[in-house]
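Enquirer: Residue numbers (my numbering), protein chains in the order written: chain A, 3 to 508; chain B, 32 to 359.
Hints should not be assumed to be uniformly reliable.
Straight-line alpha carbon distances no greater than 30 Å define the calculated BS3-like cross-link-like pairs of lysine-lysine that follow [unchecked claim]:
#1 K320/A <-> K51/A
#2 K202/A <-> K51/A
#3 K182/B <-> K365/A
#4 K333/A <-> K218/B
#5 K117/A <-> K202/A
#6 K163/A <-> K74/A
#7 K182/B <-> K344/A
#8 K51/A <-> K163/A
#9 K72/B <-> K384/A
#10 K488/A <-> K252/A
#11 K227/A <-> K252/A
#12 K51/A <-> K74/A
#13 K365/A <-> K320/A
#14 K74/A <-> K347/B
#15 K218/B <-> K72/B
#16 K344/A <-> K72/B
#17 K368/A <-> K218/B
#18 K218/B <-> K51/A
#19 K325/A <-> K365/A
#20 K392/A <-> K218/B
#21 K163/A <-> K181/A
#22 K74/A <-> K488/A
#23 K181/A <-> K51/A
#24 K344/A <-> K320/A
#25 K384/A <-> K202/A
#26 K202/A <-> K344/A
#27 K325/A <-> K392/A
#28 K384/A <-> K181/A
#29 K325/A <-> K218/B
#30 K333/A <-> K320/A
#31 K140/A <-> K163/A
#32 K347/B <-> K392/A
#33 K252/A <-> K325/A
For the record, the hints were derived by calculation from the structure and aren't laboratory data.
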Amino acid sequence: MTEPILTAHNLFKAFPGVRALNGVNLTLLPGTIHALLGENGAGKSTLIKILTGLYQADSGELVLAGRPFDFKSPHEATVAGIGVVHQERNLVPNFSVAENITLQDPPRSFGVVNKRIQRELAQQALDTLGVELDLSDKVTDLSVAQMQLVEIAKALVIESKVLLLDEPTASITEVEAEKLFDVCRRLAAHGTAVIFVSHKLEEVFELCDVVTVLRDGVSVLESAKLSEFTMDQIVDFMVGRQFAHRIVSKRDIDRSGTPALRLSGISTSIGHRDVSFDVYRGEVVGLYGLVGAGRSELARALLGLHPIISGQLELNGKAIRIKHVRDAVHKHGIGYVTENRKDEGLFLDFDVRTNIAVTIWQKIAKRFGRISVVDEDRIASKYVERLSIKVSSTEQLAGQLSGGNQQKVSLARWLAAETRILFIDEPTVGIDVRTKAAFHDLILELADQGLAIVLISSDLPEVVALADRIVVVHGYRTLETIENDKDYPTMSKRIMTRIQSMTKAA
Amino acid sequence: MMRDLIPGRFAFGKTNLTLPTILIIGYVILAADSGGTLLSKQALRGILAYLAVPIIIGLAQMVVLAIGQMNLAIGAMGGATCALMATLMADHQIPVALALIIGLTFATLLGVINGILVVITQLNGFIITLGTMTILLGVQYRLVRSFTVDKYSSALQEFGQQNIAGVPYLFIIAIAVAAVLSLYFAKTASGRNLLATGGNAVAARLSGISNVRSIIKAHLISGILVGVASGLSIASLSGINRSIGGDWLLPSFAAPIIGGVLLSGGTVAIFGTVMAAGVVRLVDVARAQYSLDPSWVNFVLGIIVLSTVALSEWRKRRAEENRITVRA
Numbered sequence: 003m004t005e006p007i008l009t010a011h012n013l014f015k016a017f018p019g020v021r022a023l024n025g026v027n028l029t030l031l032p033g034t035i036h037a038l039l040g041e042n043g044a045g046k047s048t049l050i051k052i053l054t055g056l057y058q059a060d061s062g063e064l065v066l067a068g069r070p071f072d073f074k075s076p077h078e079a080t081v082a083g084i085g086v087v088h089q090e091r092n093l094v095p096n097f098s099v100a101e102n103i104t105l106q107d108p109p110r111s112f113g114v115v116n117k118r119i120q121r122e123l124a125q126q127a128l129d130t131l132g133v134e135l136d137l138s139d140k141v142t143d144l145s146v147a148q149m150q151l152v153e154i155a156k157a158l159v160i161e162s163k164v165l166l167l168d169e170p171t172a173s174i175t176e177v178e179a180e181k182l183f184d185v186c187r188r189l190a191a192h193g194t195a196v197i198f199v200s201h202k203l204e205e206v207f208e209l210c211d212v213v214t215v216l217r218d219g220v221s222v223l224e225s226a227k228l229s230e231f232t233m234d235q236i237v238d239f240m241v242g243r244q245f246a247h248r249i250v251s252k253r254d255i256d257r258s259g260t261p262a263l264r265l266s267g268i269s270t271s272i273g274h275r276d277v278s279f280d281v282y283r284g285e286v287v288g289l290y291g292l293v294g295a296g297r298s299e300l301a302r303a304l305l306g307l308h309p310i311i312s313g314q315l316e317l318n319g320k321a322i323r324i325k326h327v328r329d330a331v332h333k334h335g336i337g338y339v340t341e342n343r344k345d346e347g348l349f350l351d352f353d354v355r356t357n358i359a360v361t362i363w364q365k366i367a368k369r370f371g372r373i374s375v376v377d378e379d380r381i382a383s384k385y386v387e388r389l390s391i392k393v394s395s396t397e398q399l400a401g402q403l404s405g406g407n408q409q410k411v412s413l414a415r416w417l418a419a420e421t422r423i424l425f426i427d428e429p430t431v432g433i434d435v436r437t438k439a440a441f442h443d444l445i446l447e448l449a450d451q452g453l454a455i456v457l458i459s460s461d462l463p464e465v466v467a468l469a470d471r472i473v474v475v476h477g478y479r480t481l482e483t484i485e486n487d488k489d490y491p492t493m494s495k496r497i498m499t500r501i502q503s504m505t506k507a508a
Numbered sequence: 032m033m034r035d036l037i038p039g040r041f042a043f044g045k046t047n048l049t050l051p052t053i054l055i056i057g058y059v060i061l062a063a064d065s066g067g068t069l070l071s072k073q074a075l076r077g078i079l080a081y082l083a084v085p086i087i088i089g090l091a092q093m094v095v096l097a098i099g100q101m102n103l104a105i106g107a108m109g110g111a112t113c114a115l116m117a118t119l120m121a122d123h124q125i126p127v128a129l130a131l132i133i134g135l136t137f138a139t140l141l142g143v144i145n146g147i148l149v150v151i152t153q154l155n156g157f158i159i160t161l162g163t164m165t166i167l168l169g170v171q172y173r174l175v176r177s178f179t180v181d182k183y184s185s186a187l188q189e190f191g192q193q194n195i196a197g198v199p200y201l202f203i204i205a206i207a208v209a210a211v212l213s214l215y216f217a218k219t220a221s222g223r224n225l226l227a228t229g230g231n232a233v234a235a236r237l238s239g240i241s242n243v244r245s246i247i248k249a250h251l252i253s254g255i256l257v258g259v260a261s262g263l264s265i266a267s268l269s270g271i272n273r274s275i276g277g278d279w280l281l282p283s284f285a286a287p288i289i290g291g292v293l294l295s296g297g298t299v300a301i302f303g304t305v306m307a308a309g310v311v312r313l314v315d316v317a318r319a320q321y322s323l324d325p326s327w328v329n330f331v332l333g334i335i336v337l338s339t340v341a342l343s344e345w346r347k348r349r350a351e352e353n354r355i356t357v358r359a
């Protein structure tokens, strides 16, 4: 019986308004490939960040190779032997492959980097991985998949005992993924413990030996042998019975008139082809697809951020053109709640009033562009009340609010602007379960009041619970529009099969 | 009155009373130590008259800081504008009013050019204005060479000496400009849009605000203000040469930064900038009073600016830490 290389016992971690980890256990054996599964917001990324020293757990025990640890920085984790390949690339673009592989600790003689040893070390790492790359190529010239391999090689050079791969296949092709799996198997054969995070269950079943599933911050399945489960059973663990089968009654949508927004055969400058769907007043249309399917990008194009190069766009039956975001927002009443509310949604250092009123300044401006702070505050207060946003006053800074309240503020902005078509992008990522349910109710309520809502979400249960119709998106195209009968098992099966058929074809 | 123009806490540096207090205490100490000569009407007039230009150039820098950029060309723009106006009046007998209008238009255009260049190249204003600065220094030299142009309207210079109830016209103009700017940021959609761009450009864009317009507007307003400062300069000086504007850059940063404006953008502090310009002026008065070497002023000013930036960065970090612990 081999000793575990890493164990985590009863980890807890709270953030403002969210309990990200609520008792997580993990046992990692050397030479195994360990799948870490869970839906968005289940606590996977928090766990990864704790293991790699970006966050510190509030309580719980962590043991690496027999010694307890509590990393204060990513550097400490690296030195201790935990290598990680994040979803974002962490390479220096203008450095060569060899320089990047040895970045953390370049070999030196007399204080100067020894290029010869550097190349030898880098080559050794690549040989172990069984990949061929030109050591002097600049990283900018590599493909995404090749960059990933460089990052793995980087982890090898510092003799990582644990290698963490965070959604490594999200942005690479099937063939490249197969190559990556071979690399993982090789590493495992060398005794490295690999943690593999992925949304794609097929590849998890193909590659992994052991599985841990997180749901709402709890490890509901702990370091279990993967071969003892079926895919459906794993999905049940991820989704949770009661949530997957949450019953939301079907809503009656009047689709006899003209749709609020209709896209037919839309192509965009960023690669969308033949995108067609429509949304009616009072309706929630879900855009579902895998990461990278081009859903957020589509919403941004319709907001005027990327040019639409062909196809027909109709607003209430009238053909429109969107040149600027100004047109979309002020003329056509299109709004977009971004998935990235901290970086792209809110003005964190501004007060709540400004954050809500930002879309209405043009409208409430009087002569000489003058705006009355009283008007502004009245409107902001109205939506603070209507969405029950918890603030001490409208002058509280947006950065001081909890995630759920921040999300409501970014929604309030569009209601204040009297938006008629609202794109809501991943609204409940990083929000705890109760707030999530409240937010779902809010979305349905807004639709009942006549708003046309396009919901973009990677959370399939969420889409099935809320949407009246679901548009399946893949590879910057719309595959089909499905009437949602709100029965999760049949809907999820139908949608996933449709997407799988495309990935196999490609 | 200025305080009333600055509402609550919308993106403005908190109107705190530290700077006015420093200003008053400093003035009282200097006055007492001078044996009362600093309290004379004439001395006070001198202090206020030479405060006008620092206030305006501080505001000119502040507007660009509000969008998270910097204008390094402030001094060079002012120098070239002064040189243009002076030569128009002295060598081409252009009437005062017309020369002032041409100067103001010229400075505004320079601002617009800076803005457009920033938008087109998508580079930070820092680099663009570093370039335009160098070009304009050349323009200034071409216009006045190594001479001092002083044969321009004496009426303008007289205007520079006049006052109402002991308050120089020049100072009144500076305060009026500050008041208008304050209204612009507090009460107009355009001013708010500009601050939103500085606060979070991506969020502003997704909310339907044109960052391109905000950037051009900020540089344009900066240009107008430099134009005003140039006019005030000509009125308060006896001649224009190639050194005018050469000592504007540091004070233009000192006033807004000490006044509470963040380098990261999204804030303005008009009251603070005016007060801080006063404090800087006080350092200069002290130098004169004790006949210290002029290099001391730069020395002290440099230290004040550095410590203000360090202090505000430290405060910001602490506030963020508090934010996190409070919410957790």
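Enquirer: What are the numbers of the hints the structure violates, in ascending order?
Expert: 1, 3, 5, 7, 9, 11, 15, 16, 18, 22, 24, 25, 27, 28 and 33
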